[in-house]
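Throw the hints in and build the complete structure from the sequences for me.
Protein chains in written order, with this note's numbering: chain L, 1 to 256; chain A, 1001 to 1462.
Hint data in this document are derived by calculation from the structure and do not stem from the laboratory.
If you're wondering where the values come from, they're calculated on a predicted model, not measured in any experiment.
Every residue gets a Cβ at the ideal spot worked out from N, C-alpha and C, and that includes glycine.
Incorrect hints may have been included.
Listed below are several chain L residues computed to face chain A (Cβ distance under 10 Å; list not exhaustive) [said to hold, decoys possible]:
1) N10
2) S12
3) P37
4) A135
5) A136
6) A174
7) P177
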Amino acid sequence: MNKIYKIVGNLSALAVTGLLVFSCTSNPDSAGLEYMPDMYRSPAIEAYVDYGEVRGVQNDAMKNTQSALTPPKYTIPFVGTDTSEVLMSLPYHRLPSSAFAQTHGLFGWDFTKNKTADFEYNEAAKDKNPLKLTAANSEAVFKKGKELYTANCQHCHGEKGDGNGPMVTSGAYAGVPNYADRASLGDGQMFYSIYYGKGAMGGHASLVSKKEIWTLVHYIRKFQNSAYGTFNADGSSAATATAAPADSTKTAAPKK
Amino acid sequence: MMYLFQTTKQKFMKISLNQMFKSINKWCVGAVAVLLFSGSYNANAQGEALFKAKCGTCHQPHKNGTGPKLFEARKKWADGGAKDGSIYQWVNNWQAAAASDPYAQTVSTWAPTAMQAFPELKKEEIDAIFDWVDSQPDPAAAPAAAGGAGDGMAAAGEEVEEEGTFNWIWILLGVIFAVIIGAVSGVRRQLKSALNEGKDVEDLTYAQEFRTWAWKNKIYVGIGSLVLVICLLVSGILGLGNIGVVEDYQPSQPIEFPHEIHAGINGIDCKYCHNSVTKSKSAGLPTVNVCMNCHKQVNGRTPEQQEKIAKIYEAAGWSTEGAGGYTGKTKPIKWNKVHVLPDHVYFNHSQHVVVGGVDCKQCHGDMTKQKETARVVPVEELNKIEGNVVLTRPTLTMGWCIECHGEKSIADGPLDSKKDGYYDEIHRRLLNNDKTLYKKYLDDGKVTVKELGGWECAKCHY
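Below, the structure written as structure tokens:
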């Protein structure tokens, strides 16, 4: 009897040590011990805060709910009190066609009614860039444009705008157009394509603000016409913004 | 040999004039075909260039995209009962073709994007494009021919597996060792009891045995336990120092995202996906629509890649059927946050990236080489990166922040040639109020973050 007890005792001791050894593997999703956990979790409205646990209070209904949300429809960002800046930030007046829901995932957006798919895109050719280039601001606009272009466009469209970005040269992506071949596009059409997307390109409305898109339009024009946005000594433009697309259609015409 | 020659000679004799004419005809056709074939090398290059310039934006050889796939389109049109030459008319002016040919009419129902007209393309040029497209192998049919990117990922997977087996070997060794100890001690006890059989000696328990042994060797046991206690104390105190240190923290992710392929091989700027880094406190995780800006077309070369990208499609509500399209049924991806600062620390990305001009790699390491999921890179690895300020404290601890604030100079102050910096106002005030202070700051030739208040408690804790 005593022997059986011993065997059982030995076995259970072995089992306990075994359990201890196995429990040593830590949870890889835990960052480790914290000194004062109640000072770690934010009860404030912040990005990526789990509202399922605020100040130690568990709320199962809120666990794993999405905390980063899109702003309500028609919200306008505060950009100061400069009228031209405010006007630029108003909701975009050109709407996508309802086909964009299926092709570019724009569900919940406002769509054109009773118009062909490309109607608004073609109309957008009339829109002028509201961000006026002057001798005073052109340097700053192109500097900002380069910054934005490097972060948002370059990996596909290439450093020189020839459609040979690292994404294309690595073989991951194909069919990126050369900006020089698209010189006949209007400023507004460029804006429309960046905002809602066009063909294989997705919409970039969530990534760049409207002012930033207009800045990019200026920067892209520079690829098509190197004289674009340069000014003579007297402050008059060497190649005006309106002349650039007209010029390029003329030069493009003989190609056909 | 002789015989062979004779038979051919005989055969030649038998060929009638008519047959001879026919065979010459055949030879001619063959020669022309060979000529055409040699010419097609040039045509191929021309076709490729034209395809990329004119068609590639919307069409792909083997995959439906904005436009339908073009592989063997001419055959498809002929099989579909299109009129001869109607496909060329279509490329030049699709509306005219649709009006005259019923087959072209059915093609024109492709939704939602209508094709552009290319009146400048000649028939030979269109043929060159189609020839090039038809000569393209289907990448989906040969997933084995995966590129370097896929190989890199497979290698990473193997590494993880190896680590797993390594752990199991230790556990197995431990179990075997425990069994051996148990068996040996059992044998020893049995021998002992056999030795004591018949004698009137009480069976000692393990504890009693240990006690008698410890009493016999009390000096050694005393020194041993002292060493043990000191060891435990030291490791305990050191362990306390590790609380809240998150170096090497690498939580699991719903999709094992390789930064190497995206930021390294494909050269995507960090700021494209972590878009709010220049505008906000948090750098931001990309929303799925940003992933889809590329992954609408890029669906992976290896099965592992395809599996991961399928998870993006599920989240974005993208259906790969037909030309592909969004269904509107979206589902967020639940990423695990890697760099978590406690709530009592204020940290702002835009302040550091835009104003301070700090490169991402100073704190996050070289992500262009990160093959596995993201992790908190230990300070030793950060120090090895060129251009980084060398620090000694563990990553993401307060000592680490403070050390950098004491080292790093303000990039865009009046010390900078451009003089358009964010800190101009502070420098101006310093110059106007207390010039001795400003001189003191300039002693070492740089103005550090600390000298502008970067060591004040309330900068980060409030």
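So, going through the hints one by one against the coordinates:
1. Because the closest C-beta pair between L:N10 and chain A is about 7 Å apart, less than 10 Å, the hint holds.
2. Checking L:S12 against chain A by beta carbon gives a least distance of about 13 Å; that is not within 10 Å, so the hint is violated.
3. Contact between L:P37 and chain A, as hinted, is supported at the beta carbon level, the nearest pair being about 9 Å apart and thus within 10 Å.
4. With its C-beta approaching chain A no nearer than about 18 Å, L:A135 sits outside the 10 Å limit, and its interface hint is violated.
5. The closest approach between the C-beta of L:A136 and any C-beta of chain A is roughly 14 Å, which is over the 10 Å cut-off, so the hint fails.
6. Given the 10 Å rule on beta carbons, the hint for L:A174 holds: about 6 Å separates it from the nearest Cβ of chain A.
7. At its closest, the beta carbon of L:P177 sits 5 Å from a beta carbon of chain A; the interface hint therefore holds under the 10 Å criterion.
Consistency note: the structure conflicts with the earlier hints numbered 2, 4 and 5.
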